[in-house]
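With these hints in hand, go ahead and build the complete structure from the sequences.
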Amino acid sequence: MTVHSEPTADWMRSRVPGAAPAAVERAVRSWAGKAADRERVRSIPLDPTAEPPLPAHAETWLRPCRPR
Amino acid sequence: MPTALTGRRLPGVADLLAGYAAGTVTPRDAVEECLAVIDATEPALGAVVNLLAGAARAAADEATRRWRDGTARPLEGIPYGLKDTIDTAGVRTEYGSALHKGHVPERDAEVHRRLVDAGAVLVAKLATYELEAGKNGRTRNPFDLARNSGGSSSGPCASVGAGQLPLAIGSDAGGSIRVPAAWCGAVGLKPTYGRVSRRGAVSCSWTLGHLGPITRSARDAALALNAIAGHDPLDPYSADAPVDADYAARFDQDLTGVRVGVPENWFEEVCEPAVAVAVAAAREVLAAAGATLVPVALPLLRRINPDALKHLIVPAEAASLHEGYLDRIDEFGDGFRTLLLEGQLVAAPDYLRALRLRRAVQEELAAVFATVDALATPGSVVTAPLLDQDTTTVDGVEYPLTALVARTTSVFNVAGNPAVVVPCGADERGLPVSLQIATPPWREAECLRIADAYQARSRAGAAGGPGESGRSALT
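The listed protein sequences correspond, in order, to chains A and B. So the first sequence is residues 1 to 68, counted in the UniProt record's numbering. So the second sequence is residues 1 to 475, counted in the UniProt record's numbering.
Check the hints yourself; a few may be wrong.
What the hints assert, rightly or not - Facing chain B, a subset of chain A residues (Cβ under 8 Å, in silico):
1) K34
2) A35
3) L46
Claimed, not checked - Here are a few chain B residues that face chain A, going by a calculated C-beta distance under 7 Å:
4) L301
5) D330
6) E331
7) T338
8) L341
9) L352
10) T371
What the hints contain is simulated information worked out from the structure, not anything from laboratory work. Quick caveat, the model's predicted, so the values are computed rather than measured. Note that the Cβ used here is the ideal one computed from N, Cα and C, for glycine as well.
Rendered as structure tokens:
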């Protein structure tokens, strides 16, 4: 466990009150294990003009009710 | 008690269609053969979750009649299976989740509808990791029942690898078609993002998810793609892009003029030696077919690690996709529950940064594809691990398996490019090794053409078995 595990667990419990303590503990450990991944993602210089490639087309966005 | 379930050599899609046309075999014969193999390999394999024998026999009889009447459609009478994340109207579809036990969809998924319209015959629903991202404790590897089949398309890949079915449809949000296909000795295609409609299939990720075929050959994958590719106006993630009339039209086994990129970075920096040897030999087969091998640099991949992007995107999107079930969190299995809980922790700026970095990955790949037509990499840097194995040692360094399984595949989910894996040999235990071919977006035909040329020129490329370098499989 990292020193940040309690705030992390508290946040998780606040979001998902029904989660069992063991499940929260497992998720906190898994999350902590990926800390290096997050640091890596944050460390890459980003082109300020890069937009997220969200796949919604304008046509879709403008069609609130899609027929099924 | 057998320890492996390979060695059965059912015909593939193209062979069956040729046999039907020649009158040497009927769809009913093929379905009965599939059912016999399923009966012989289940429940040991654990690939089938819902066998639809009665409906399959009826559909096969109708297909047999159509071949006799001259009204056969493109995949008339081809038996297939669907990952159980794909909806089938009136047929139990549980998404690999106890939380959805007994669920019966009202509508067919579009991919299923297109296969039925093409004349294919649904034989079975196949095992999946929970909701495409949790775990699956039931499916074993057909080459060694003590080993992992991979996932999340465990059932489709184990089923095709064991010879139960010539065609199955799986899904892939980071390697979920290609990794299990690589470990189970099958061919697995992840098409371009948006090429195949996902409507009616549950997913763990809007922006990374794809559907695609698992088969015994690249040619069979092309025939399946002919039926399932194309715009679906009711799926907001489906692309309105031109579709090839026949993805196998240019298969000629001659790769003269084709430039195949050999990445100098990332893909083989951590790789089991047997995998590296087999993949290098496979590239030489491509060269013998006329391709020019070109070293290419992809330095950004090492700096970013596409898996690091996936580890932000998938938890965030899965937690949103399935937030309606958070009040029943303890009904999920451990793996998917952990994913949903981790998703609560992903900060919005981190999620959006991960999405924005995908553009940088796309641009790096686009720059490489300006100089080569395809990339040739390992399908997986490790062969199938034992069922309870969590780590693996490569070159004396121990790694968590989760850090390696999608190392060569997730980049093409991040960028959206098509990629196919084909068996290319075996390790010292007889476990399949796989070659991955990736091309620029929308060029599935070129991707499959290169894979077909490899398979045609190499016995190791025969799906369902690692070929002459593999051990004899039990029957």
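query: Measuring from the C-beta of T338 of chain B to each C-beta in chain A, is the shortest one below 7 Å?
result: holds (5 Å)
TODO: May I ask you to test the interface hint for A35 of chain A with respect to chain B, counting a Cβ-Cβ separation under 8 Å as satisfied?
DONE: Check failed: Cβ of A35 of chain A comes no nearer than 10 Å to chain B, outside 8 Å.
- Item | Hinted contact T371 of chain B with chain A - closest CB pair below 7 Å | violated (22 Å)
- prompt: Would the stated hint for L301 of chain B survive a check requiring a Cβ distance to chain A of less than 7 Å?
  reply: Hint on L301 of chain B: violated, closest Cβ of chain A at ~11 Å, above 7 Å.
### Task
So, L352 of chain B near chain A? Judge it on the closest CB pair being under 7 Å.
Since the shortest Cβ distance to chain A is 6 Å, the answer is holds.
The hint names K34 of chain A as touching chain B; please verify it with the least Cβ-Cβ distance against 8 Å.
holds (5 Å)
So, as I understand it, the hint says E331 of chain B touches chain A; can you test that by seeing if any CB pair is closer than 7 Å? violated (10 Å)
**OP:** Classify the hint on L46 of chain A as holds or violated, based on whether any CB of chain B lies nearer than 8 Å to its CB.
**Re:** holds (6 Å)
query: Is the shortest C-beta separation between D330 of chain B and chain A less than 7 Å?
result: With a closest approach of 6 Å, the D330 of chain B hint holds.
Subject >> Restraint check, 7 Å cut-off on beta carbons, for L341 of chain B near chain A >> reply: At 4 Å from the nearest chain A Cβ, L341 of chain B passes the 7 Å test, so the hint holds.
Hint violations for this structure: numbers 2, 4, 6 and 10, all remaining hints satisfied.
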